[in-house]
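Trainee: Sequential numbering of the sequence shown, starting at 44, is according to my numbering.
Everything labelled a hint here was simulated from the structure, so no lab data went into it. Ideal Cβ placement from N, Cα and C applies to all residues, glycine included. Be aware that a few hints might be false.
Claimed, not checked - Label pairs and their in silico Cβ distance ranges:
#, residue 1, residue 2, range
1, 234, 278, 50 to 60 angstroms
2, 304, 67, 13 to 23 angstroms
3, 231, 189, 55 to 65 angstroms
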Amino acid sequence: MNASASAPGLSGGLGELGGIVLRQLRLVGEWTMLWRATTVHVMHGRVSWSHLASQIESVGIGSLPLAALTVVFSSMVLALYTTDQFIEFGFVDYVGRLIGSGVVRELGPVLTAIVVAAREGSAFAAELATMKVTEQIDALRALATDPVEYLVVPRYTATLIAMPLLTILASTAGIFGGYLIASAKGVPYEVYWGSVTRGVDLADFMGGLAKSLVFGAVIAIVSCHQGLRTGHGAEAVGRSTTASVVTCVVLMHVVDFMMAMVFE
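Produce the complete structure using the sequences and hints provided.
Mentor: Now the structure itself:
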């Protein structure tokens, strides 16, 4: 009796799990198709330069203060917790190395991407979702205008251009923030910066830039896809906006781990 009762429950659970897996695979397929279509337009130079300029201003200049502040204070917290320990054990020469490599390889790219996902990714999803709900995207198709070319390509290209620059500036600010704490705890100027230059090499720098490019592509594609697939009604816009941010943040951590394994 118990075995027969548990069998339907087990099969139902497996069926539900299989449905979840299939939905996620379908979602990955849709992201890939949107990325492919967007990349084809970019490679053929089909970019609206006026839209691209406004998107670069929004993603780059608009996100810079928030990204810099986030990385600076995170770097200061890292320095606050580690500097005393290094000084106590006589490894003061490693303070700058730890902060520099940590910021360039991890804190800078990841925190900058989270800020851009929260600020610009949500905006991408909300704008496109609103256009979908108000049937503006259908109107574009009626006018023989490809929504991907007109709406997604400028946002995708702008994010790819802005993300590496944002990451470089935010990471530089973060290293300076770490120096402020290290200096306040007695680490000499030349010791800190000498340690930074010895600890951060070209591989760290290129790895951080590679992460920023991949994160930028994830943010643009996932957010625009979420907006384009929005349902009907005002509630759908809110759900799409929230889903875009949550999905981007989760995916960025997954991608960060995979790329860390590659660049290790």
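Trainee: Does the Cβ distance between residue 231 and residue 189 fall inside 55 to 65 angstroms?
Mentor: holds (59 angstroms)
Trainee: Do the beta carbons of residue 304 and residue 67 sit within 13 to 23 angstroms of each other?
Mentor: Because 21 angstroms falls inside the window, the suggested range holds.
Trainee: Given the hint of 50 to 60 angstroms, check if residue 234 and residue 278 actually sit that far apart at their C-beta atoms.
Mentor: holds (57 angstroms)
Going through the hint list in order, the structure satisfies each hint without exception.
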